[in-house]
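S.K.: Residues per chain, in single letters:
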Amino acid sequence: MRFERTCVAATLAVGVMMWAAVTAAAIAPTVAIVKSSSVGPFEEATSTIVDALRKKPPEPELLVFDLKGSSEGAAAILTQVRQADPRLIVTVGSLATSVVLHEKWSVPIVFSMVLFPEMSGFVPTAERALTGSSLDIPPERSLELLRRLLPAAKRIGVLYNPTETGRVVEKIRAAAAKAGLQLEAKVVEQSADAVSALEQLMANVDVVWALADSHVFTPQTTPALILSTLRQRIPLFGLSPGQVRSGALLALSCDYADIGRQTAEQVQRILAGTNAAEVPVTVPRKLLLSLNLRSADHLGVRVDAGLVGEAAEVIR
Amino acid sequence: MRIRIIRAVLCLAGWWCDAAAASASDAAYATAPELLLFDEAVVTAASKHPQLVSEAPSSVTIITQDDIRRFGYRTLAEALQSVPGFYGSYDRNYDYVGVRGFLRPGDYNDRILLLVNGHTYNNDIYQQAHLGNDFGIDLEAVERIEVIPGPGSALYGGNAMFAVINVITATGTELPGIRPLVETGSFGRKRGQVTAGRQFGEQADLFASGSVLDLDGQHSLYYPEYDSPETHNGSAIDADAQRVLKLYVRGRYGEWALQGGANRYEKHLPTGVYDTTFNDPRTKTVDERWFSELAYTRDVSPSVSLAGRAFYDGMRYDGTYIYGSGEDETKNKDTADSHWVGGELRAAWYAPYDNQVTVGTEYTYHPAADQGNFDIGGDTYLDEDHSFSTIGVYAQDEWQVVPTLALVGGVRYDRFYDRLDRFSPRAAAVWSPTEQTRIKLLYGSAFRPPNQQEQYYAYDAEGIANLANSDLKSEVIDTYEVALEHQLPRGARARASFYHYEINDLIEQTEVPPPNDSVVSAVQYQNSASARANGVELQLRVPLPRSASLHSAYAFQDAQAAGGARLSNSPKHLGTLGLLLPLPAEIDAGLEVRVVGPRRTRSGERVDTAVVPNLTLNRHTPIRGLDVSASVYNFLNQSYSDPVGSEFLQEKIEQDCITFRVQVMYAF
Numbered sequence: 001m002r003f004e005r006t007c008v009a010a011t012l013a014v015g016v017m018m019w020a021a022v023t024a025a026a027i028a029p030t031v032a033i034v035k036s037s038s039v040g041p042f043e044e045a046t047s048t049i050v051d052a053l054r055k056k057p058p059e060p061e062l063l064v065f066d067l068k069g070s071s072e073g074a075a076a077i078l079t080q081v082r083q084a085d086p087r088l089i090v091t092v093g094s095l096a097t098s099v100v101l102h103e104k105w106s107v108p109i110v111f112s113m114v115l116f117p118e119m120s121g122f123v124p125t126a127e128r129a130l131t132g133s134s135l136d137i138p139p140e141r142s143l144e145l146l147r148r149l150l151p152a153a154k155r156i157g158v159l160y161n162p163t164e165t166g167r168v169v170e171k172i173r174a175a176a177a178k179a180g181l182q183l184e185a186k187v188v189e190q191s192a193d194a195v196s197a198l199e200q201l202m203a204n205v206d207v208v209w210a211l212a213d214s215h216v217f218t219p220q221t222t223p224a225l226i227l228s229t230l231r232q233r234i235p236l237f238g239l240s241p242g243q244v245r246s247g248a249l250l251a252l253s254c255d256y257a258d259i260g261r262q263t264a265e266q267v268q269r270i271l272a273g274t275n276a277a278e279v280p281v282t283v284p285r286k287l288l289l290s291l292n293l294r295s296a297d298h299l300g301v302r303v304d305a306g307l308v309g310e311a312a313e314v315i316r
Numbered sequence: 317m318r319i320r321i322i323r324a325v326l327c328l329a330g331w332w333c334d335a336a337a338a339s340a341s342d343a344a345y346a347t348a349p350e351l352l353l354f355d356e357a358v359v360t361a362a363s364k365h366p367q368l369v370s371e372a373p374s375s376v377t378i379i380t381q382d383d384i385r386r387f388g389y390r391t392l393a394e395a396l397q398s399v400p401g402f403y404g405s406y407d408r409n410y411d412y413v414g415v416r417g418f419l420r421p422g423d424y425n426d427r428i429l430l431l432v433n434g435h436t437y438n439n440d441i442y443q444q445a446h447l448g449n450d451f452g453i454d455l456e457a458v459e460r461i462e463v464i465p466g467p468g469s470a471l472y473g474g475n476a477m478f479a480v481i482n483v484i485t486a487t488g489t490e491l492p493g494i495r496p497l498v499e500t501g502s503f504g505r506k507r508g509q510v511t512a513g514r515q516f517g518e519q520a521d522l523f524a525s526g527s528v529l530d531l532d533g534q535h536s537l538y539y540p541e542y543d544s545p546e547t548h549n550g551s552a553i554d555a556d557a558q559r560v561l562k563l564y565v566r567g568r569y570g571e572w573a574l575q576g577g578a579n580r581y582e583k584h585l586p587t588g589v590y591d592t593t594f595n596d597p598r599t600k601t602v603d604e605r606w607f608s609e610l611a612y613t614r615d616v617s618p619s620v621s622l623a624g625r626a627f628y629d630g631m632r633y634d635g636t637y638i639y640g641s642g643e644d645e646t647k648n649k650d651t652a653d654s655h656w657v658g659g660e661l662r663a664a665w666y667a668p669y670d671n672q673v674t675v676g677t678e679y680t681y682h683p684a685a686d687q688g689n690f691d692i693g694g695d696t697y698l699d700e701d702h703s704f705s706t707i708g709v710y711a712q713d714e715w716q717v718v719p720t721l722a723l724v725g726g727v728r729y730d731r732f733y734d735r736l737d738r739f740s741p742r743a744a745a746v747w748s749p750t751e752q753t754r755i756k757l758l759y760g761s762a763f764r765p766p767n768q769q770e771q772y773y774a775y776d777a778e779g780i781a782n783l784a785n786s787d788l789k790s791e792v793i794d795t796y797e798v799a800l801e802h803q804l805p806r807g808a809r810a811r812a813s814f815y816h817y818e819i820n821d822l823i824e825q826t827e828v829p830p831p832n833d834s835v836v837s838a839v840q841y842q843n844s845a846s847a848r849a850n851g852v853e854l855q856l857r858v859p860l861p862r863s864a865s866l867h868s869a870y871a872f873q874d875a876q877a878a879g880g881a882r883l884s885n886s887p888k889h890l891g892t893l894g895l896l897l898p899l900p901a902e903i904d905a906g907l908e909v910r911v912v913g914p915r916r917t918r919s920g921e922r923v924d925t926a927v928v929p930n931l932t933l934n935r936h937t938p939i940r941g942l943d944v945s946a947s948v949y950n951f952l953n954q955s956y957s958d959p960v961g962s963e964f965l966q967e968k969i970e971q972d973c974i975t976f977r978v979q980v981m982y983a984f
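Heads up: the protein sequence lines correspond to chains A and B, in order.
Just so you know, the first sequence maps onto residues 1 to 316 in our numbering.
Just so you know, the second sequence maps onto residues 317 to 984 in our numbering.
Derived by calculation from the structure, the hints in this document are not laboratory data.
All residues carry an ideal CB built from backbone N, CA and C; glycine is no exception.
Keep in mind that the hints are not guaranteed to be accurate.
[Unchecked claim] To give an idea of the interface, some chain B residues facing chain A are shown, with a C-beta separation under 10 Å as derived from the structure:
{"#": "1", "residue": "P349"}
{"#": "2", "residue": "D634"}
{"#": "3", "residue": "S748"}
{"#": "4", "residue": "P900"}
{"#": "5", "residue": "H936"}
{"#": "6", "residue": "D943"}
[What the hints assert, rightly or not] Pair by pair, the computed Cβ-Cβ distance ranges are:
{"#": "7", "chain 1": "B", "residue 1": "V852", "chain 2": "A", "residue 2": "E59", "range": "56 to 66 Å"}
{"#": "8", "chain 1": "B", "residue 1": "V528", "chain 2": "A", "residue 2": "G309", "range": "34 to 44 Å"}
{"#": "9", "chain 1": "B", "residue 1": "L736", "chain 2": "A", "residue 2": "L63", "range": "46 to 56 Å"}
[Stated by the list, open to error] Partial chain B-side listing against chain A, Cβ under 7 Å, derived:
{"#": "10", "residue": "E350"}
{"#": "11", "residue": "L353"}
{"#": "12", "residue": "S536"}
{"#": "13", "residue": "T753"}
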């Protein structure tokens, strides 16, 4: 009798376990991650997304695809993505986002590590559920930093190409006006004009703000632009820590791992049932300040110790 | 397309730019604007073109100008000792660097290939890589040092047996303005240095650096081997001085680039080397080295770029050795003098199916490699003058087979002295099993042709003969390595390398039967030895907030001669710990501790573990443009020694105790 009871109990236990396993398998969603290339920041964000999704149930099945920096061969990768029948697609970088959005998908898409998503057309529509984590640093935060570092600066200069960053400039202009600052924006049609445009701009401004505009910053113009600002002793709010190392006074950059975490949180909300349209596109919440005190000295800018203490990287 | 995007990243990082790359990269920005924000570490010497360090077919280490300044490195040799598997040795004449447990007596760093912006800096008579104060470029003018351990002959030809070291200098764009520096320190150190840089529009820039160093050296050095009344009781007084002059210029105009430099290194020898009269400060060596190079790069199509360079180099060595004293005094001169011209043509083709093909050829002509040895007013023992040429042809393909796997294959053919031929193959697989991990399987064969001294330095004096050997073959090394690189959270990186190498036909000075009755003892360089080693190198780099960082390295290396005997001057254990830390009052601290395990001298005597802690403090003063730096080397005042070669009576030479250096810099 005892043996029979034991057999029944064991059978029931095995049954429950099998049911649990089958149910778990049935609800484990597949998430396809398509990344643009394997450059360090993309790697860092991707690995954080993967780690974060694996830590929190329901742990999805994760498939990572790498475009290796090229849209050639993307068709084959997208075929694999379709065959995997994912519940959601994550794209890392603009290239991957652009490639994926080029086709129609019935599943939500979450982009990550994308700069200027709106201008690239990465916006949700009636046909596609889209959200994501951008690299766009709100101009208000940059302006606040500028006011702390350069309280006397009232006129901010930017170089831009209207087709590429025109809408960004308008956002900055609005934010600057709100902060009581004046924005002087000069159009650069082609990169060859960038340095001369900067020289004209510097006659009328107290600080130059670098926008990520490929018509302005190219391999040839970047060193010359930085040098020109140093020569004219006009502070440059740079694009990256690398530019700060090269002479820009300061730059704000993103914590790419944290961008990855933001993306993972969005993915988890959508997998938990939230409509992707209700998940807002995020901006970086964790920013890293780089300061070049050598440039500060050269420019006659006094940097208070508190700001130096907040900096993630200080060039002395 | 992939390669183009990577090139865009490289250019944005400010490390490599050319006009054609811009047009290629413009296309990339349109679909990858965030690339404008990324700074990726790049190496150029691993494959003769820029590539991400993580993708290079080698375990690359980059030493930046920031590292140089914050750790207070004074010489290349000091900087290189922060790299896993590298260790130093100093005999009070030259600095030597051993790699992976290998540093032979009389080795003038000739198993390392030293480059300056890709230009070979080893000289042609001794194949010597100058790594101490005899290196011709001030470290203030260096933008970064690329260290590529392992064999490099498949791309570079001779001497690249253990490492290729590429010194990348600053440009007028990177270091604009005039920056003078004055320096003082222990043992009467006086140094003045200045850099000047300027950019002229977008097309051109110019950079120059020059310095003067006057170092009195230690007032008194005691060597127990000379402790007798006839040899000043073992004390060498005021015989350790050195004087150094350096000048370097680099410019660019469009697709043309020019660089050149000259330096003079004078070092007085307090050690009684070569049985010279002990405690005579007139015994000294003077080394001069100069070079100039004109290079041109052009993209002839979107997928093909061409590069060419032509160069003129020279070297002069003048050794003064005092023998005897009073009326019996003899002043012996040992000299070497050579100059050479050459050129290289290289093509890179971004071929279909993700292949990048590099082909090239290199030629040098040495019209008169002259060696001499004579007594002033007396006998001439050596007067050899040889002309020779070298030619090399190489090809390499880097194939991205699938996104997670790249294969690299290459081979170079070299012909030296119209008699020595050598094929040097290379193969590598770079596999990325996960997002953060790269596994590199590396194989390479490299060689060192016999140098002019080993072939032709022959003399016969007082019954002792050094015999020439013009039949010497090249030394050959085969290295197998597995490298594992892993990116940890928050930008930290860990690396482990496991390697095995075998060297055959090693050239060593060997005792041989006297050629005639007047000779009592004779030696000759012969391909008489071999060696092998197994080793592990571990490295961890952790960036910390506020420009702080931590790096540590450990190397285990078991290098043995044929028969299993441990090599001399070959520590089994090496360790480095470095910490960069901002302190209050805007002081920036760089602490580095180097540990070199026990070594053996040439006769097997044990040299104890050396623990050398160095500390550098940098401060940006309130005066605009004015910086000060203070360094204390060996601040625990540890006593340690380095093994030396058989030209010394000593088995080992004691190194400097605690020393300091103070620099004041001003940037206009």
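S.K.: Checked against the structure, which of the hints given earlier come out wrong?
M.R.: Result: hints 2, 7, 12 and 13 break, sorted rising.
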